[in-house]
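Asks: Chain order of the listed sequences is A, B and C. My numbering puts the first residue of the first sequence at -8, with every later residue one more than the last. My numbering puts the first residue of the second sequence at 6, with every later residue one more than the last. My numbering puts the first residue of the third sequence at 13, with every later residue one more than the last.
There may be inaccurate statements among the hints.
Okay, derived cross-link-like pairs now, EDC-like style, lysine to aspartate or glutamate, Cα gap no bigger than 20 Å in a straight line [as the list claims (entries may be wrong)]:
no., chain 1, residue 1, chain 2, residue 2
1, B, K130, A, D52
2, A, K100, B, D289
3, A, K100, B, D306
4, B, K130, C, D366
5, B, K130, A, E10
6, B, K134, C, D366
7, B, K287, A, E7
8, B, K12, C, D201
9, C, K44, B, D306
10, C, K35, A, E10
11, B, K165, C, D330
12, B, K287, A, D52
13, A, K74, B, E178
14, A, K100, B, E288
15, B, K302, A, E7
Footprint (simulated), chain B over chain A, 3 or more residues, beta carbon under 8 Å [to be verified]:
no., region
16, 75 to 87
17, 96 to 102
Distance windows between CB atoms, simulated [stated by the list, open to error]:
no., chain 1, residue 1, chain 2, residue 2, range
18, C, D317, B, D306, 38 to 44 Å
19, B, Y54, C, D317, 33 to 39 Å
20, C, P96, B, Y54, 49 to 55 Å
21, B, P177, C, R41, 46 to 52 Å
22, C, L337, B, S236, 39 to 45 Å
Because the hints were derived from the structure by calculation, they are not lab data. Cβ atoms here follow ideal geometry from the backbone N, Cα and C, with glycine treated the same way.
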Amino acid sequence: MSDNLLEVKNLYMNYETLEGKVAAVQDVSFSISKGQSFGLVGESGCGKTSVAMSLLKLQADNGFIDSGSIFIDGTDIVPLEEKELRSIRWNKISIVFQGAMNAWNPVIKVGEQIREALREHYPENTKHINYNKMVSLFNMVGLDDSVLNRYPHELSGGMKQRAIIALALSCDPKLIIADEPTTALDVVIQDQILNELKKIQENLGLGVLYISHDISVIAEMTDNMAVMYAGRIIEKGPTKDLFANPKHSYTKLLLESTPSVVGEKKKLYSLDGKPPSLMDEIQGCSFSPRCPNPTNDCKNGLIEMGLIETENGHWVDKCCVNCG
Amino acid sequence: MNNYIFKRLLQFVPVFGLFLVFSFVLFNATPGNAFTNILLNRELPPEEYARVIATFGLDKPVHERLFLYINNFFRGDFGYSYTHFPKTPIDLISEYLPRTLMLFAVVNIVAFYTGFIVGKILAWKRGTKTETWITMASVFSYTVFYPWFALMCLWFFGYKMGWLPVGKFLFPEKWYESPYSADEVFFTMIRYTIVSSLVLFFIFVLSKNIESISQRRNTRLTGFAVLIVVSFVFWNNGDAGLKSTYAWDIAYHMILPVLVVTFVAFAGTALLMRTTMMEVLKEDYILTARAKGLSQKRIRDRHAARTALLPVATSFIFTIITIVDGAVITENIFSWPGMGVLLLDSLLREDIPVAMACFSFLGVLALVSHLLADISYAYLDPRIRIGSQG
Amino acid sequence: MSDPLKIEDSKRKNSIFSPVVQKNWYLFRQSKMGLIGFFIIVFFAVLAIMQPLFFISGYWSNNIYDPVVGYDSIEVELVIVKCPRNSDFPTEKYDKPEDCPGDGEISDRMVMPFAPNAKPGDYYETFLQPAPPSIKHWLGTDSLGRDVFSQIMKGSQVAFMLGLLSATLSVSIATLLGTIAAFWGGRVDTYLMRQADLILMVPQLPLLLIMAALYRFQVWHLALVLGILGGFGGLVISVKSQALQVKVKPFVDSARVTGGTKFKIMTSHILPNVAPIALLYMVFAVTGAIFAESTLSYLGLLNIDMSWGMMIHLAQTDGYIFSGLRYWWIVLPAGLSVTFLSGGFYLVGRGLDDVFNPRLRKR
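Chain A extracted, bound-state conformation (with noise of 0.2 Å):
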């Protein structure tokens, strides 16, 4: 039994859509243990945010897990009912939405909308201790007291993602998952809030999930990471050792393409074509059509998927192992 917070083992979901099926999430599999921060990197429509989801078991109504379990503190959720998984929601693990701005029901106020969590998992609490509970999470976040009283439309944006922050500490969880915590903020806030988010983290020795497709934010806040690429994980491991010797081509590409704030001007480098429907079944590796130096195996589709352990713990597709 590690004392992993979480441990995802081969997860597979898919949507039921009009259109047909779409496979969001292969063969998924990762852990992240007590205090750790994990990394989850990718472009749009990669199945980020469907694990993120799934974690919780949010996903939407034709969002179905087809096999695969996902461990929180050693249970596994996926075979949970509603009603079980109502006490895991909030108490063992919460999620920092993106867009913070409609997380908020506007028509009740925001200190009332985290009372509400914190009435539904301790019932005995009376409102003395909740109100001071409040008011310690607004503190830590660096919030007002007055804030409580407010509508959420009333606050800025800033203030409102902080908030979303607070509401997800407000019932002590082990696990936080921040999805793209930061995107819809301009960057002299978005620094402000990852170092909250660092400062709480070491704290209270949370376990965070961080989803973004800025992977300066990874780099600058998770001890390990993952490389999800058209529903599946392509490199994973610490994320020193990703940024300083990336093994698969995709992952390299990505980190080409961010601006380096030190050394010289050189012109960015853009991955032509866009990453394939996850509706057909893809043969092979999924990333081989805008691979730069693909084998020949990559193109006939004959090498099958799989990560292999290179060095210490970090895990490449089975393509790339010896791509240069």
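The hints should help you fit chains B and C onto chain A, whose structure is shown.
Replies: Quick look at chains B and C alone, frame taken from chain A:
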């Protein structure tokens, strides 16, 4: 906000004035007048007819009468009823209105509340069998041809089964000995209804802030129980106690009309609520609520329904206006002597002052409802009520 | 897997309908309720069309089947019975006073003026009016010997004509006015809103009653009045709020910036976006029109030969309503027809709702 209300109230005046003119001209355009039927009496000396006409001023030309009428109207003098002389329209309205109010106040509250709950459930259970069946039933009740349906119910429950009375609002036999007139009893009933609804409302609102869910439920139940006990005491003692048998008679007669009208009326609200809820359920904050681990019931009631309430409540206020149309038919079929009957009667018998008074009353009601609807929308949505700071 | 929209590619190329219509039709088909409503409407439309066809083709002869002046006599022999006095009920044969005379029987008191010598037990030949449904008359005949089914068909024609005419009229006017109110704003808006208030203030039914007293309405007069009243009334307010939502969208601003005249922006941008909602309102307007007509003729105020409302009116004045199920073919078909046709339009409206409002779709 106050500015807005003030401007609207100002606009009332010309609109209402136009309305008065329009109605007056319309009523006077119908051929004949309220007194032509006395001409049927062949022994009547012709001067008599002329005298009657002159007394009521019907010999003057229309524009002159219009001018006089408007003048008097804004001085508060509404004239005398032609057919119920010497009663004034005010007398008549104050007699007939409570009866309609009683009936339709109850109907509207019950129908709205039922519709609200049914709509809530419908949207929540989207795609299940329950939903399809209930929706079908709602559509049927919404589109059923009301006069025909009312007749069928009347026939079935009143005549065939004999469970409920066939029309009228009381059994005359029971009232022979009564020291009270029907209106007195009505007033007591109305007062009781208003007070108890207010009490219920306050119980609900004041208990909103109680922290624990079980405590809150207990408070509400206790409050409700207290209300029932007090009502019991009220109707058994003193003034109300003496009236209680008669009040019960009236209430008994109310059962069928209320049921029938509610059946037809609830579906509109239910279906609107369903649509609005379905839109709301796609919002992000519903996802947040689920993520927080809240129970289905709580998400549905506290988050989804609360937001969906806005447009539904607004449309409800609008439907108050259509009460009248419904009243005319309902009161006709159930022989319930209320405003609808008064209106119809005054129209058919060309009792112009009464007809004008009724129309004016309805006109004001419509204007006020429209204004209320606009205000309530602004009030219920805090985004409009409180400007944003961000 | 497969893309249902793709499969119909071959069909699509050969179809006369534009791709937009086809896609919308496909979405509409998804809604069960919309489909049911659609079929109900088709059913009644078929009824409406079939009637003149029956007459023209000679399948039905005018004398017998005309809904207004037709007459069919069905000869029948009835047994003469002597009904017990009211106080003697219930007897072994009859439970309640209405049960005597029963089916196939006639009371001796009725026969007395015509056949003074008749005794209970004798047979009496007479014409059965109203006659119960039979092969010849699918829904029987009414108290004047007219075929009920034919009446239903005629009523269907009236309902469609009136409903569609008035709904089209009122929605067209309201859409135009509402869009103008939203777009121009200011005084124009205020004026239009107060005008709508004015119309709202007047209760529809009493107003129609007065007008009916003034002027003997015919169906198309009623359609006109309903159309105009509806067009200038509350519907304008609803359309205006829809148009306002479109107005604040960025593409309207860009249209303005690129130099579109107010008129052009209104017609090419705002109107097309408001049109779907207008279509929706039209469907509900039809329901309202059918209801108004039925109510008015039920109250006996419409100068019309035959319609569903008229059928119910006749049923009531002839006293058949309280006969319950005994004369069901007089009492039930008209009311059910009004209900179902209104319901049909309403269901189609719901189906259209699903099509035009993507947020409401299941996927």
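Asks: Now tell me if each hint is right for this structure.
Replies: Hint check results:
1. B:K130 <-> A:D52: Distance ~13 Å between K130 of chain B and D52 of chain A Cα, so the pair holds.
2. A:K100 <-> B:D289: 16 Å, holds
3. A:K100 <-> B:D306: 16 Å, holds
4. B:K130 <-> C:D366: 17 Å, holds
5. B:K130 <-> A:E10: Violated - the C-alpha atoms of E10 of chain A and K130 of chain B are around 25 Å apart, more than 20 Å.
6. B:K134 <-> C:D366: Holds, at roughly 18 Å.
7. B:K287 <-> A:E7: Holds, at about 17 Å.
8. B:K12 <-> C:D201: 14 Å, holds
9. C:K44 <-> B:D306: 28 Å, violated
10. C:K35 <-> A:E10: OK: K35 of chain C and E10 of chain A at ~13 Å, within 20 Å.
11. B:K165 <-> C:D330: 19 Å, holds
12. B:K287 <-> A:D52: 11 Å, holds
13. A:K74 <-> B:E178: Since the Cα atoms of K74 of chain A and E178 of chain B sit roughly 60 Å apart, the hinted pair is violated (cutoff 20 Å).
14. A:K100 <-> B:E288: 17 Å, holds
15. B:K302 <-> A:E7: 27 Å, violated
16. 75 to 87: holds (count 9)
17. 96 to 102: That given contact holds, which follows from 4 residues of the region 96 to 102 of chain A lying within Cβ reach (below 8 Å) of chain B.
18. C:D317 <-> B:D306: 38 to 44 Å: 53 Å, violated
19. B:Y54 <-> C:D317: 33 to 39 Å: 38 Å, holds
20. C:P96 <-> B:Y54: 49 to 55 Å: 53 Å, holds
21. B:P177 <-> C:R41: 46 to 52 Å: 59 Å, violated
22. C:L337 <-> B:S236: 39 to 45 Å: 41 Å, holds
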